[in-house]
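Participant: Respectively, the protein sequence lines represent chains A and B. The first sequence begins at 1 in full-length UniProt numbering and counts up one residue at a time. The second sequence begins at 1 in full-length UniProt numbering and counts up one residue at a time.
Careful, some of the hints might be misleading.
Stated by the list, open to error - These stretches of chain B come out as covered by chain A in the derived footprint (C-beta under 8 Å, 3 or more residues):
(1) 101-108
(2) 112-124
Stated by the list, open to error - List time: in silico EDC-like cross-link candidates among lysine to aspartate or glutamate, alpha-carbon distance up to 20 Å:
(3) Lys122(B) <-> Glu99(A)
(4) Lys122(B) <-> Glu160(A)
(5) Lys122(B) <-> Asp106(A)
(6) Lys122(A) <-> Glu43(B)
(7) Lys122(A) <-> Glu107(B)
(8) Lys122(A) <-> Asp77(B)
(9) Lys122(B) <-> Glu111(A)
(10) Lys122(A) <-> Glu99(B)
(11) Lys122(A) <-> Glu110(B)
(12) Lys122(A) <-> Asp109(B)
(13) Lys122(B) <-> Asp109(A)
(14) Lys122(B) <-> Glu113(A)
(15) Lys122(A) <-> Glu178(B)
(16) Lys122(B) <-> Glu178(A)
What the hints assert, rightly or not - Derived Cβ-Cβ restraints for the label pairs, each shown as a range:
(17) Glu99(A) <-> Gly187(B): 46 to 56 Å
(18) Asn10(A) <-> Lys122(B): 23 to 33 Å
(19) Pro205(B) <-> Ser51(A): 54 to 64 Å
(20) Ser78(B) <-> Lys58(A): 29 to 39 Å
(21) Thr32(B) <-> Gly148(A): 48 to 58 Å
(22) Asp61(A) <-> Tyr220(B): 45 to 55 Å
FYI, nobody ran anything at the bench for these hints, they're computed from the structure. Even glycine gets a Cβ: it sits at the ideal position worked out from N, Cα and C.
2 protein chains.
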Amino acid sequence: MRTRKNSTKNAPSRAWEDYLKAIYKLEKPEPTDKGVQTKELAERMSISQASVTNMLKKLADEGYIQYEPYYGVTLNDSGRSIAMKMIRNHRVLESYLVERLGYSWDEVDEEAETLEHFLSDKLVERMWNDLGQPTHDPHGSPIPNIDGTIERKNLTSLAEVKLDTPVMLERIKNRSPEELRYLASIGMHIGAKIVIKNQAPFNGPLLIEVDDQHFHALDYRMALALFVEDNTDSINH
Amino acid sequence: MRTRKNSTKNAPSRAWEDYLKAIYKLEKPEPTDKGVQTKELAERMSISQASVTNMLKKLADEGYIQYEPYYGVTLNDSGRSIAMKMIRNHRVLESYLVERLGYSWDEVDEEAETLEHFLSDKLVERMWNDLGQPTHDPHGSPIPNIDGTIERKNLTSLAEVKLDTPVMLERIKNRSPEELRYLASIGMHIGAKIVIKNQAPFNGPLLIEVDDQHFHALDYRMALALFVEDNTDSINH
DNA sequence: AAATAAAGTTAGTCTTGGCTAAAGTTTTTC
DNA sequence: GAAAAACTTTAGCCAAGACTAACTTTATTT
Ligand SMILES: [Mn+2]
Ligand SMILES: [Mn+2]
Ligand SMILES: [Mn+2]
Ligand SMILES: [Mn+2]
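Given only the sequences and the hints, what does the whole structure look like? Please build it.
Facilitator: Here is the structure:
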């Protein structure tokens, strides 16, 4: 008689939501055989591995994830839907703070990381409508739809772009506030025209030209977080 | 060696903030000899008396309150300052939701009750500035200043107003969403002109005229939550 | 194929913030 | 002065979500 106290589904707690979101973010876009590792989760969330294992069992019990001990974890539909909701809440709020309350992009993440769990559906929809139902946040990340679907464009990292081929910056993935401020200071905003003029060996810095105006040396690790339109389609087809 | 884990002051938790706010709300405007009762707190917060006693000891340990067993509790400056901050957060957010996101007044309280604990100072100040630094929320309640001071006007409940004396509605104290909607539907908004035409005996309903237009029968208990400018000054002076 | 390293799980503990129930204390009211 | 109400104490319980230490499983080297 495994009657569970929680059988009348309470809303998942903040902790559960953060786990599900972290799993989503660690899942590879191309589905592989192995799921997300306990260790990856522990590291990303700054929580001990033992605590992660513990929580994964609960999440699996409630049907949010597929959990194969020692082999990692994948999201079920119910879990993915919660993850998408958190990401929608997060990105809509961040967009709102930037567009309506004069926040700069590097200030919004901390606020959103907490508030994403406490915003009502109503509030998120009102902010989203007020913003004109945007599909992307100000840093180019897609905002999931209310039904939990999300655009999955194939973007290429700036680190992989050919030399002397102009590209347009489409998305800047999460970096620290300091890095974001730096990137902004060298003109790296969505829509900027970028040309890679050279790449130093051993994954060294890139020499780039921004908006036909300035040259900058861009650290390779930062280039990995900057994304442009993918061109492989036209090549593979 | 009573080294306490918490001696490096962590931010007070949501639970602590809600206690301090509840104590503030139960303190009488005219300072009396006795503080707020355990029982009142227990009732207002829907928490058992034993649990309240327990928490009061912790709050006193940390210096947020003055706690005299059997005699009730009063806020210290540190505790009052947290209470004021919660109320400021709450009222600024409610005002913002109404003014900028099209909420109606009866929708905002639930949202604010949770979010008040998670809004950053920065966000509250930006909303407040965006609204033009209002001193009162849309239902006439004063918004505490950043330094924790608050206007304490002497208002009179509509239940105590003399017959046939026109008064202006200044403040509607917290009621349920249903009651707020009803009050709105009979024209009870801040600034409305009200004349008491009659009061039925035994604390019965008031016959009122609103904005020189309509007559309504107003339940005595609702009249207790509606406030107008105090006139006793001009009488006592 | 064994040894080692890395990843993962188990078991036991802790803190926070709740609860009930029963018994004793203090204050207030009659 | 007695009874009622409010309050505290004690004891024991619970759930969530962390932790550490010890052990197990899987993967990688040699
Ligand atoms: Mn973010
Ligand atoms: Mn979060
Ligand atoms: Mn409110
Ligand atoms: Mn609250």
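Participant: Now tell me if each hint is right for this structure.
Facilitator: Checked hints:
With a threshold of 8 Å between beta carbons, the proposed coverage of the region 101-108 of chain B by chain A holds, since 4 of its residues qualify and at least three are required. Look at the region 112-124 of chain B against chain A: 7 of its residues bring a Cβ nearer than 8 Å to a Cβ of that chain, three or more, so the hint holds. With a CA separation close to 15 Å, the supplied pair Lys122(B) and Glu99(A) stays within the 20 Å bound. Simply put, Lys122(B) and Glu160(A) have alpha-carbon atoms about 39 Å apart, too far for the 20 Å limit, and the pair is violated.
Between Lys122(B) and Asp106(A) the alpha-carbon distance is near 14 Å, which keeps this suggested pair within the 20 Å criterion. Between the alpha carbons of Lys122(A) and Glu43(B) the distance comes to roughly 30 Å, so the proposed pair goes past 20 Å and is violated. For the suggested pair Lys122(A) and Glu107(B), the alpha carbons sit about 10 Å apart, so the restraint of at most 20 Å is met. Annotation: proposed proximity of Lys122(A) to Asp77(B) is violated, straight-line Cα distance about 36 Å (limit 20 Å).
Simply put, Lys122(B) and Glu111(A) have alpha-carbon atoms about 10 Å apart, close enough for the 20 Å limit, and the pair holds. Annotation: proposed proximity of Lys122(A) to Glu99(B) holds, straight-line Cα distance about 15 Å (limit 20 Å). Our distance criterion of 20 Å between C-alpha atoms is met by Lys122(A) and Glu110(B), whose separation comes to about 12 Å. Only pairs whose Cα atoms come within 20 Å are accepted, and Lys122(A) paired with Asp109(B) is accepted, the gap being roughly 13 Å.
Distance hint between Lys122(B) and Asp109(A) is fulfilled; the C-alpha atoms sit about 13 Å from each other, no more than 20 Å. At most 20 Å may separate the alpha-carbon atoms for a hinted pair to count; Lys122(B) and Glu113(A) meet this at roughly 15 Å. Pair hint Lys122(A) plus Glu178(B) holds up; C-alpha atoms about 18 Å apart against a cutoff of 20 Å. Restraint check: the Cα-Cα separation between Lys122(B) and Glu178(A) comes to about 18 Å, which is no more than 20 Å; the hinted pair holds.
In this structure the hint that Glu99(A) and Gly187(B) lie 46 to 56 Å apart at CB is violated, the actual value being about 36 Å. The hinted range of 23 to 33 Å is satisfied by Asn10(A) and Lys122(B), whose Cβ atoms lie roughly 32 Å apart. For Pro205(B) and Ser51(A), the Cβ-Cβ distance of about 59 Å falls inside the hinted range of 54 to 64 Å, so the restraint holds. Separated by about 38 Å at the C-beta atoms, Ser78(B) and Lys58(A) satisfy the suggested range of 29 to 39 Å.
At roughly 55 Å, the beta-carbon separation of Thr32(B) and Gly148(A) lies within the given 48 to 58 Å, and the hint holds. A hinted range of 45 to 55 Å for the beta carbons of Asp61(A) and Tyr220(B) is consistent with their spacing of about 53 Å.
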